[in-house]
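Participant: Chain by chain, the residues run as shown.
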Amino acid sequence: MILVYIETRQGKIKKASLETLSEAKRRSAELATEVAAVLAGSGLEELGPDVSAYGAGRVYLVPNPALDSYSAEAHGRVLADLIAEVKPEAVFFSATARGKDLAPRLAARLGVSLASDVTHIAVRDKKLEFTRPIFAGKAFLLFTLKTTPQIATLRPNVFPLEQPGTAAGEVIKKDTVVDEAGIKGRVVELLAEKGGELDVTEAEVIVSGGRGIKAPENFELLKQLSAVIPRSTVGASRAAVDSGWIGHAHQVGQTGKTVSPNLYMAFGISGAIQHLAGMSSSKVIVAVNKDSEAPIFKVADYGIVGDLFEVIPALKDELKKLFE
Amino acid sequence: MNIFVFVKRVPDTESRIKINREKNIIDEPGLNFVISPNDEYAVEEALRIREAKTGQVTVMSVGGDESLVILRKCLAMGADEAVLVKDAAGETYDGLRTARIIAATLKSRYPRFDLLLFGKQSVGADNAQVPSMTAELLGLPQANVVTKLEIGTDKGTAVREVEGGEEKVAFSLPAVVSAQKGLNEPRYETLKGIMAAKKKEIPVVAVDSLGLKPGELEVGIEVTGLEMPPARKAGRILPGSPQEAAKELASLLRNEAKII
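Those protein sequence lines, which keep their order, are chains A and B.
Numbering of the first sequence is given in this note's numbering, commencing with residue 1 and proceeding in unit increments.
Numbering of the second sequence is given in this note's numbering, commencing with residue 1 and proceeding in unit increments.
Hints listed in this document are in silico derivations from the structure and should not be mistaken for laboratory results.
Be careful, since some hints might not be right.
With a straight-line cut-off of 20 Å between C-alpha atoms, the simulated DMTMM-like cross-links for lysine to aspartate or glutamate are [to be verified]: (1) B:Lys86 x B:Asp65; (2) A:Lys290 x B:Glu248; (3) B:Lys155 x A:Glu189; (4) B:Lys155 x B:Glu51; (5) B:Lys168 x B:Glu189; (6) A:Lys257 x B:Glu150; (7) A:Lys283 x B:Glu150; (8) A:Lys126 x B:Glu222; (9) B:Lys192 x B:Glu91; (10) A:Lys12 x A:Asp50; (11) A:Lys146 x B:Glu91; (12) A:Lys12 x A:Glu197; (13) A:Lys320 x B:Glu256; (14) A:Lys146 x B:Glu222.
Predicted model only: the values in this text are computed from it and were never measured.
Using the sequences plus the hints, can you model the full thing?
Facilitator: Here is the structure:
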């Protein structure tokens, strides 16, 4: 069994979790095993069919209200108990903020090593072989885990979604006791939920600005461009973030976030090696820069040598026409 | 407040990484090594907490003698003590092994602490495993990828980055916290600090003296390959005025790349 931990946001299953389920389904066929999923928290019953539609033959429902506000300790213990009972050969998480927080906690509890932020999974001799970027993508490490269960976090936006089917899965309710007194830390408040703004790791299109943007107010131009492109968000280079023009959550690169959107558009970004590491696995790259010698053009599929302050508004109008 | 900060030596972010395909390792000659950038935020935060509350800051690194350089840097920034946990294994990419070493060092040598600070991940292995694993092994609460931290006498709160927002985590002390860019602006070393750090004795703890079972020090990851990313080809420069180029770009993205 491959067990998949499902994350929800505002009562909906996160897209990253469906991608992870889809990959579990594909690999389970090669391993000749089944896929199961776990929904931890109360009020998630109705999501069972949605999870099954993506290939989970069994959905474990742990409707304990003690799991509603996230605590790595509480979720880790409940998962460890479930794993001890159902003995999966692999456990998949998405490499989201939650998955990256929880999976290592669980792995340590089970005494197993962990595959973090993987971008490809193969099956070799009935074992999973993982590929993951190191140095933010300057190199890729291939490896297997010597311990069982094989636990991995899967990078969002990398693994393709399967079409949902109609298969109904079995929903199995698990009553668990969470010793509240033993939980020493938990989330107490969700802050600054910015009107549905996508994180750079989740967006399908990133419009990114660098030193050439020149001033914080000019990021407004990129926000306007992003507003006409579905599932897009604004990114930035380290130079722009360190100048205080935009928050660090937007930073792409080795000391920021590694991204692999369908489309990465770099405006006024020269292409320092630490930035290229963070975005060069994007499917299509566009570069707009005044300097025709800028290294970013060496990785760009399409380039425009010119003034970004003229190109951005023109591009916004053209894309708006396309999407209308 | 007794604070421990865990730091790692990594190639600087300007490094061009070369790989040795026979041995499946990164070629180290020619690389410039630094303290992992995320760890600097952890050191700075520890110093600020000590300055606000009094206490002691100890920096610790697991690695070879070459890690003494980054420990001295932390001392020069203002850390009180440094400890090298000497391990000859090199880069294992196995966070559990490192977390076991850290947990065993604390339990056996430094059992009194209030706060364990880490960078959110090493800038290199990029695993982001060791803080949460150390917390689990020591039975402590955790707050990872933290951009704001408030520490009281026996509890604290942290703001951590999540997709599309932030969440506030409340925890009791002792606790594990991992630092993200934005938490603070790390200070530079002072000349006086650098001079003092040179003379400071750094105790060395041998990994095999920690009472870990042989199995616990075994690397749980088997590297089967190391590859460079697929090379990208330079594409096309679109000619014409900004308006013409923008129009052509929009059309290519839809009709050729089929991406929008």
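Participant: Next step is simple, just say for each hint if it's right about the structure.
Facilitator: Tested hints:
| no. | hint | in the structure |
| --- | --- | --- |
| 1 | B:Lys86 x B:Asp65 | 7 Å, holds |
| 2 | A:Lys290 x B:Glu248 | 18 Å, holds |
| 3 | B:Lys155 x A:Glu189 | 16 Å, holds |
| 4 | B:Lys155 x B:Glu51 | 18 Å, holds |
| 5 | B:Lys168 x B:Glu189 | 32 Å, violated |
| 6 | A:Lys257 x B:Glu150 | 25 Å, violated |
| 7 | A:Lys283 x B:Glu150 | 41 Å, violated |
| 8 | A:Lys126 x B:Glu222 | 15 Å, holds |
| 9 | B:Lys192 x B:Glu91 | 33 Å, violated |
| 10 | A:Lys12 x A:Asp50 | 10 Å, holds |
| 11 | A:Lys146 x B:Glu91 | 17 Å, holds |
| 12 | A:Lys12 x A:Glu197 | 16 Å, holds |
| 13 | A:Lys320 x B:Glu256 | 18 Å, holds |
| 14 | A:Lys146 x B:Glu222 | 7 Å, holds |
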